[in-house]
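Colleague: Sequence:
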Amino acid sequence: MNVSPGETLTRFIRYNSHFSVVTNRVKPDAFLPHRKRIDVSVFRISELNDSEKLSENEIWQIGREYVQTEERLIKARADLLAAVVYQNNLEVVPDEPPQRHANITPFPIEKSPTDRKARRSIATKLANASKLAVQPEKI
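Residues in the sequence shown are numbered consecutively from 444, following our numbering.
Be a bit skeptical, because a hint or two may be false.
What the hints assert, rightly or not - Computed Cβ-Cβ distance ranges for the label pairs, DEER-style:
| no. | residue 1 | residue 2 | range |
| --- | --- | --- | --- |
| 1 | 557 | 579 | 37 to 45 Å |
| 2 | 513 | 567 | 28 to 36 Å |
| 3 | 537 | 466 | 27 to 35 Å |
| 4 | 549 | 571 | 18 to 26 Å |
| 5 | 499 | 554 | 38 to 46 Å |
Simulated from the structure, these hints should not be mistaken for laboratory data. We treat Cβ as the ideally placed atom computed from N, Cα and C, and that holds for glycine.
Go ahead and model the full structure; you've got the sequences and the hints to work with.
Modeller: Right, dumping it as structure tokens:
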């Protein structure tokens, strides 16, 4: 199944250093893959049709169920349109299970400082286009 440019994706964030509540921004590290990987994990939280959009409760539940660990709690998430991914010459590839999971790929393989800069540039563009949502205290 293809991911439409109009779909909203979310990247769950487990590190305080990957976002700023003060500036209400997602930082590039939230979208930077591990240096040995070429993808980052996201979840599809809407369809083209707004009636298919998940509630805030349902979105946070996905994070708690599939991303959060005892050591690393979900702190926030970065929401962005799939169109932004496509504008940066990347793809959104469904990767189920779990349901609604996908990967943003392919980031350049990190073999040199130039590759590292290219990866950071892409991550910066994705972060800048994202909307920060901070985990509520209690849901």
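Colleague: Look at each hint and say if it fits the structure.
Modeller: Hint by hint, here is what the structure shows:
| no. | hint | in the structure |
| --- | --- | --- |
| 1 | 557 x 579: 37 to 45 Å | 41 Å, holds |
| 2 | 513 x 567: 28 to 36 Å | 31 Å, holds |
| 3 | 537 x 466: 27 to 35 Å | 32 Å, holds |
| 4 | 549 x 571: 18 to 26 Å | 20 Å, holds |
| 5 | 499 x 554: 38 to 46 Å | 40 Å, holds |
Hint compliance for this structure: every hint is met.
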